[in-house]
Each structure stands twice: as C-alpha cells, then as structure tokens.
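Visitor: According to our numbering, the sequence shown is numbered sequentially starting from 4.
If you are wondering where the hints come from, they were derived from the structure by calculation, not from laboratory data.
Please note that the accuracy of each hint is not assured.
[What the hints assert, rightly or not] The list that follows gives simulated cross-link-like pairs (lysine to aspartate or glutamate, DMTMM-like), each with its CA atoms no further than 20 Å apart:
{"no.": "1", "residue 1": "K89", "residue 2": "E170"}
{"no.": "2", "residue 1": "K84", "residue 2": "D209"}
{"no.": "3", "residue 1": "K84", "residue 2": "D113"}
{"no.": "4", "residue 1": "K89", "residue 2": "E205"}
{"no.": "5", "residue 1": "K146", "residue 2": "E107"}
{"no.": "6", "residue 1": "K84", "residue 2": "E115"}
{"no.": "7", "residue 1": "K193", "residue 2": "D83"}
{"no.": "8", "residue 1": "K227", "residue 2": "D209"}
{"no.": "9", "residue 1": "K321", "residue 2": "E47"}
{"no.": "10", "residue 1": "K148", "residue 2": "D136"}
{"no.": "11", "residue 1": "K84", "residue 2": "D192"}
{"no.": "12", "residue 1": "K193", "residue 2": "D142"}
{"no.": "13", "residue 1": "K146", "residue 2": "E170"}
{"no.": "14", "residue 1": "K89", "residue 2": "E107"}
{"no.": "15", "residue 1": "K84", "residue 2": "E208"}
{"no.": "16", "residue 1": "K227", "residue 2": "E208"}
{"no.": "17", "residue 1": "K321", "residue 2": "E107"}
{"no.": "18", "residue 1": "K148", "residue 2": "E107"}
Fair warning: this is a prediction, and the values are worked out from it, not measured in the lab.
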Amino acid sequence: MMGELILRNLLHRPLRTLIGAMGIAVEVALVVLIVGLTSGLLTETAKRIEGIGADIMLLPANSSIFFAFGSAPMPIKIGDKLAEMKYVQSVAPVLFQFNTSGVEIVYGIDQETFRAVSGGFVFIQGHDLEGPDDILVDDMAAKTKNLQPGETYRIFNHDWHVAGIVEHGKGSRLFVSRATLQELVGARDKASVFFVKCTRPEHTEDVMEDMRHLLPNYTVRPLKDYFSLMTSTNIPGLESFINAMILLAVTIGLLVIFLTMYTTVIERTRDIGVLKSLGANRWFVVRALLSESAVLCLLGIGAGIGLSYLVRAGFIWKFPTLTILITSGWVLRAAAIALLGALFGASYPAWLASRKDPVEALLYD
Numbered sequence: 004m005m006g007e008l009i010l011r012n013l014l015h016r017p018l019r020t021l022i023g024a025m026g027i028a029v030e031v032a033l034v035v036l037i038v039g040l041t042s043g044l045l046t047e048t049a050k051r052i053e054g055i056g057a058d059i060m061l062l063p064a065n066s067s068i069f070f071a072f073g074s075a076p077m078p079i080k081i082g083d084k085l086a087e088m089k090y091v092q093s094v095a096p097v098l099f100q101f102n103t104s105g106v107e108i109v110y111g112i113d114q115e116t117f118r119a120v121s122g123g124f125v126f127i128q129g130h131d132l133e134g135p136d137d138i139l140v141d142d143m144a145a146k147t148k149n150l151q152p153g154e155t156y157r158i159f160n161h162d163w164h165v166a167g168i169v170e171h172g173k174g175s176r177l178f179v180s181r182a183t184l185q186e187l188v189g190a191r192d193k194a195s196v197f198f199v200k201c202t203r204p205e206h207t208e209d210v211m212e213d214m215r216h217l218l219p220n221y222t223v224r225p226l227k228d229y230f231s232l233m234t235s236t237n238i239p240g241l242e243s244f245i246n247a248m249i250l251l252a253v254t255i256g257l258l259v260i261f262l263t264m265y266t267t268v269i270e271r272t273r274d275i276g277v278l279k280s281l282g283a284n285r286w287f288v289v290r291a292l293l294s295e296s297a298v299l300c301l302l303g304i305g306a307g308i309g310l311s312y313l314v315r316a317g318f319i320w321k322f323p324t325l326t327i328l329i330t331s332g333w334v335l336r337a338a339a340i341a342l343l344g345a346l347f348g349a350s351y352p353a354w355l356a357s358r359k360d361p362v363e364a365l366l367y368d
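Taking the hints into account, I'd like the entire structure generated from these sequences.
Guide: This is how it looks when you write it as structure tokens:
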C-alpha cells in the first residue's frame, strides 16, 4: 500500500517530480565534479612531476607543495654546488612561469641538464630545442591548441617557434629555453626548482641529508613522496573552497526538496485529511512523505551520477588536457549527503502534515 501511494503521488505531478529530481541531480553532480576536478588536477600534476624521473627536488624555503605558481628566487649557481655532492649524478635547474592567458605552467629548461635527469623526451614530431625562440609542446597541449611543428605560438608577448611535439608526462606541457625565459620575465640567473638525480635510488636519503646541511634555509623533498603530498589539505585555501562548494550544492538540494515537499503538503491537504479520517496516525503520514522524499532523492542521485559523467565527457572533449577524477568513494559520499539533505529538507513539511486536523483538512478547498 505504501509503495503504491508513493508512486501515485510522484506521478500525480510529473513535472514537479522531474524538477525536484533534477535539483538533487545538480547537487550530486556539483559535489562529484568539484571534487573530481580538484583531485584530478592534483593527481595529474603529481604524475607529471614524478614523470620527470628525478629523485629529489630543491625548493625555496617554506614553499608550498604546489610550487608551480612560485617565483624564481634561487640563484642558478646552487646547481653547481649540488652537482659536486657525493652520490649526485645530475642536476637540472628549471624556471617556472605561469601563463595567465592559457592557464598553464611553462618550463624554462636547459636541454642537456634536463635530459640527463629525465632521460629525454619522446618525440612524436619535430626536433629538440635548437634556437632561443624554440618551444616544445606535449601531445595533449598540441591537440588542444591545434599546433604543429613549424607554427608560431605566442605567449609572454613573445613569438615562439614550435620545434617539436613530445609525449606528455615530463612535468609541464610547454618547454622553452631557460635563458630566453629568464630574460623575458626578468629572472636572469635564477631558477624555481632544482631537480636532482642520484647515482642510485638508495642514496636519496643520504643526498637529502647533505643538501639540508649545505642549504639549511631551503626546502628539500623526495619526488617519490610527491604524489601522496598533493592533496587538498596541503594546498592553501583549496580545502576551504571545496567545502564551500559542497555546502552550496547541499543548500541547493535542501531548498529544492523543501519547496517540493512543502508544495506537496499544501496541495494534498484534503488527501491527508482523508487518510487521517480512515485511521492513519501521525507516524504514517510522516513516513509516507519522508519515503516519497527518499524515492525522489534516489531518482535525483541516479540522474546526478549520469550527469556527472556526461559533463566530464563534454569537458574532456573540449579540453583534452583537463583531468576530472570521479571516484566511487566521492560518488557514495555525494549520494549520502543528498539523501540526508533531502530527508532534512522534508522533515518540516512532513511534521506540518502530521499535525493537520482531519476535519479542517477535509474542509480545505
């Protein structure tokens, strides 16, 4: 009986049911996509940094783990000191520069030192950096920007010649001459990070200890731990942003389910009176409305999960370099948040319905 009552109530106003379910769907999709976008960005960035192949990275003092947006305060001569250390095979100073027009990080590298640390690029088309204005583009960025070797790409108010297309996974998606980038951004003889390759991986801890003694005011991190460090809790302000977006999504879902169920109670005042006159108690009325809210929420959760994958596919089709990581854990959390929010939002309308006097309800027009 309860199941049939709920089904008929939902089908009584199909458009309202659809709007209520879509409100829940938007809530679920917002939670899943916001978390998926941030975690995907961090995961993909960490994989590309680890893909460089270094064992250690040297950063400025008290630098954030998300160091790509940092400046270049370190003298390039530090690299010579590091290269002289025991168990150090090679050192690659790299200059980072954030390109605001394309929302991307550009690496200023020296081909020889970067190749010694990373093992070199895998070329799909073209050749390595040769001239001061050459630029290497990875395959993902080339696809997004429709770039081919020989074309011109303008960033930092400078025209670069696309020398080659390389396989992605070596830190950045764009690589230029370090000397040229230093001149363009006013960071002559400066570097943002030093990637250090040890003679053997087991020597990493010894080299790190020596680096801390040699350069006590700098930050030394092993690259093997970089992936585990790239979380929202380690990025200033990111966790607060995620929590704020989740709160916004929950508020949307709660208001939608509240308005839907409140309207339902107002419209069905006479029906509630009939039920109570036939012997239905307050608990029966509350259970009926909360069950209806739960079913509506489940429909919305299913639609929200489908919407999440659809939106992700659209974003990736439009922006191939974008990574949105949808995990089962956050899908379940989003579903639980939506369900709890829906039941909370329906509580007052259900309580209101249960207190209606059957005689007054039957007389309601």
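Visitor: Now, for every hint given, state plainly whether the structure supports it.
Guide: Here is how each hint holds up against the structure:
no.: 1; hint: K89 <-> E170; verdict: violated, 32 Å
no.: 2; hint: K84 <-> D209; verdict: holds, 16 Å
no.: 3; hint: K84 <-> D113; verdict: holds, 17 Å
no.: 4; hint: K89 <-> E205; verdict: holds, 13 Å
no.: 5; hint: K146 <-> E107; verdict: holds, 15 Å
no.: 6; hint: K84 <-> E115; verdict: holds, 18 Å
no.: 7; hint: K193 <-> D83; verdict: holds, 13 Å
no.: 8; hint: K227 <-> D209; verdict: holds, 15 Å
no.: 9; hint: K321 <-> E47; verdict: holds, 18 Å
no.: 10; hint: K148 <-> D136; verdict: holds, 18 Å
no.: 11; hint: K84 <-> D192; verdict: holds, 15 Å
no.: 12; hint: K193 <-> D142; verdict: violated, 28 Å
no.: 13; hint: K146 <-> E170; verdict: holds, 12 Å
no.: 14; hint: K89 <-> E107; verdict: violated, 35 Å
no.: 15; hint: K84 <-> E208; verdict: holds, 18 Å
no.: 16; hint: K227 <-> E208; verdict: holds, 12 Å
no.: 17; hint: K321 <-> E107; verdict: holds, 16 Å
no.: 18; hint: K148 <-> E107; verdict: holds, 12 Å
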